[in-house]
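Chains as they are written, first to last, in the numbering used here: chain D, 238 to 689; chain P, 3 to 108.
Hints are supplied without guarantee of correctness; some may be wrong.
[Said to hold, decoys possible] Below are the BS3-like pairs computed for lysine-lysine, each with C-alpha atoms no more than 30 angstroms apart in a straight line:
(1) P:LYS53 / D:LYS550
(2) P:LYS43 / D:LYS550
(3) P:LYS29 / D:LYS469
(4) P:LYS43 / D:LYS469
(5) D:LYS369 / D:LYS349
(6) P:LYS71 / D:LYS550
(7) P:LYS71 / D:LYS350
(8) P:LYS53 / P:LYS71
(9) D:LYS288 / D:LYS325
(10) D:LYS433 / P:LYS73
(11) D:LYS550 / D:LYS332
(12) P:LYS29 / D:LYS435
(13) D:LYS533 / D:LYS469
(14) P:LYS71 / D:LYS295
(15) D:LYS481 / P:LYS43
(16) D:LYS433 / P:LYS53
(17) P:LYS53 / D:LYS435
(18) D:LYS401 / P:LYS73
Calculated from the structure, these hints are not laboratory results.
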Amino acid sequence: MSATPRDTFLAAVAKMLGENPIGASPLGAVLVCEGWLLEEILHSIFPSDDKFTLDRDKLNRLLLNCGRPMITEHFYEYFFGSVDSLEKFEAGVEKFRVKAMWLYGNFRFALKKLGTTSTHEFEAEIRKTEPKSPAGFEARELFTDIDPIPTADLGLLGYLSGKKIADLDICLETVELLDAQPAKIAEMLAAIGPEKQKRISDILAGHEISFPPVGTGGLEPGTLAPMLARIKSLSTSLHSRQNKAIEIGLKNTHRYLTLPYLDVYVATSMRTQQDFENQHHFIQDVFGDPQVRDLKLRYFDPTVSYANDRITKGVVEMLMLRRAQVTIYTASSEDTLGKDSELAATLAQGKAVIAYVPPGLDAKAELLRVDHPLGLQLDITSGVVHGIIVVRSAQDCAKMLRKVLLRERTFTIRHEKGNFLLEEVETKSVLRVVSDDPYLTHAFWTFFHHRH
Amino acid sequence: MTLSIIDHDRAVRHYAMRMLADGYEVKARVEGWFDEPDIIKGYRPDIVARKGDVFLIVEIEKGEIDWPKIKALESFASGRPEFQLRLITPEEISREITDLNVRNSA
Chain D
238 MSATPRDTFL
248 AAVAKMLGEN
258 PIGASPLGAV
268 LVCEGWLLEE
278 ILHSIFPSDD
288 KFTLDRDKLN
298 RLLLNCGRPM
308 ITEHFYEYFF
318 GSVDSLEKFE
328 AGVEKFRVKA
338 MWLYGNFRFA
348 LKKLGTTSTH
358 EFEAEIRKTE
368 PKSPAGFEAR
378 ELFTDIDPIP
388 TADLGLLGYL
398 SGKKIADLDI
408 CLETVELLDA
418 QPAKIAEMLA
428 AIGPEKQKRI
438 SDILAGHEIS
448 FPPVGTGGLE
458 PGTLAPMLAR
468 IKSLSTSLHS
478 RQNKAIEIGL
488 KNTHRYLTLP
498 YLDVYVATSM
508 RTQQDFENQH
518 HFIQDVFGDP
528 QVRDLKLRYF
538 DPTVSYANDR
548 ITKGVVEMLM
558 LRRAQVTIYT
568 ASSEDTLGKD
578 SELAATLAQG
588 KAVIAYVPPG
598 LDAKAELLRV
608 DHPLGLQLDI
618 TSGVVHGIIV
628 VRSAQDCAKM
638 LRKVLLRERT
648 FTIRHEKGNF
658 LLEEVETKSV
668 LRVVSDDPYL
678 THAFWTFFHH
688 RH
Chain P
3 MTLSIIDHDR
13 AVRHYAMRML
23 ADGYEVKARV
33 EGWFDEPDII
43 KGYRPDIVAR
53 KGDVFLIVEI
63 EKGEIDWPKI
73 KALESFASGR
83 PEFQLRLITP
93 EEISREITDL
103 NVRNSA
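Chain D with its partners taken away, still in its complex shape (with noise of 0.2 angstroms):
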């Protein structure tokens, strides 16, 4: 049997009130009036089968009668206007949930907020949610603050990435030590041990440099010198491209302490001179790119920032998180703490993550868009469960920044396993949720809003 337009009308009621719009009696659970009050409010909405006529004293009364608060007439022309249709109706319900789940996680709550405040804190609430114009970022100067570190030296700043000059600088000491002493080279390999001279053979071995794993065959004066020269050749050239990216990195990083503002964070973990070359050509396709380009946005660049131990680095990029309004995530085959950290507090902070999921990673970015346990976050100020957008390619991350940024996203509202899920239209990301368990609901805000 098809549903009237009066069942469909009481569904759309249901919905706007966060009850279940599902069964004979949609709003059976929360009607504090008789039955056939109910009717003649009916009835003055619906006076024959082809006529709807709604107006704000119409639904107040109905909302009076669910036990709920009336709306103001500037909540009311916000979301339904002049309506005059059952579908107008329902894309007004649609609207207001959209922007409950965006804004507080609730719908009952959201309609007293929303539906009883001032038209001053109605306006403000609402503009958090509507499109905000590019003229704002395409007034800024360009970002050209930060100075570039040569891609092939990129590595170079990294912890671990920046041992391979470490393990030169083993290799030099001991040729350099065995070159000086040639009388007592095997003693001197016996004192540095069998495991460290191979890993010395080894590591030469990369820079095509014959050392013996074990023993002394090949280690006499007329070989040392030769490769002593060339060792250190590599060595003083890579600590000199080190020295210089190191100087150029320290400087960004004042810099980006003292920046004004700053839009963007970019989440990465960065180990291998590949991991900095692809980072970094991801950050300048996604920020040159032309959907981005005029809004000359600010971003902190961690490949081309430096700091002379870990825990000053943590801390210039927790300041950074803090301060941008976006983070991009690029994902990675292999979960790394930082990172993930990185995720999950920006989406803590309340504030949008933009996770880039490189080709090749499919099964990643399913798990990052529909179940990672990290996927869906409380935002600790507001108590909204917060996820996260997948994107698979710099352009697509670039439209979406611009979308987030400007907010220009369109949602749609599912429901799934006993939750509401708000899904970006275009990535089909969950970006809010809300629990269809009265029990659960009821004890989150209670515990949530509720301090000893």
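The hints should help you fit chain P onto chain D, whose structure is shown.
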């Protein structure tokens, strides 16, 4: 004068390898190459080398910032004749690094 973390770590590698080749049992803060020295009075020295019954604690100073660690190590070594503390100042390291760079580019 202060020493950068890069130059500090480079100096630790330099001294650790020299002491190792010199027959010491070496523990040093050189990740992946040596076991780390044990913590002394809340601080981990850069190098602790042992030959026979004598322990040599080597600390490469980065600058004044290291004073609490230096005080702790001095206090530890002062009451223990088997422990000798060798402090290497940024000035010494600076000369050493200059030497290294000169040698490297030679």
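Hint check:
| no. | hint | in the structure |
| --- | --- | --- |
| 1 | P:LYS53 / D:LYS550 | violated (38 angstroms) |
| 2 | P:LYS43 / D:LYS550 | holds (26 angstroms) |
| 3 | P:LYS29 / D:LYS469 | holds (26 angstroms) |
| 4 | P:LYS43 / D:LYS469 | violated (38 angstroms) |
| 5 | D:LYS369 / D:LYS349 | holds (26 angstroms) |
| 6 | P:LYS71 / D:LYS550 | holds (22 angstroms) |
| 7 | P:LYS71 / D:LYS350 | violated (57 angstroms) |
| 8 | P:LYS53 / P:LYS71 | holds (24 angstroms) |
| 9 | D:LYS288 / D:LYS325 | holds (13 angstroms) |
| 10 | D:LYS433 / P:LYS73 | violated (33 angstroms) |
| 11 | D:LYS550 / D:LYS332 | violated (43 angstroms) |
| 12 | P:LYS29 / D:LYS435 | holds (19 angstroms) |
| 13 | D:LYS533 / D:LYS469 | violated (44 angstroms) |
| 14 | P:LYS71 / D:LYS295 | violated (76 angstroms) |
| 15 | D:LYS481 / P:LYS43 | violated (37 angstroms) |
| 16 | D:LYS433 / P:LYS53 | holds (19 angstroms) |
| 17 | P:LYS53 / D:LYS435 | holds (24 angstroms) |
| 18 | D:LYS401 / P:LYS73 | violated (33 angstroms) |
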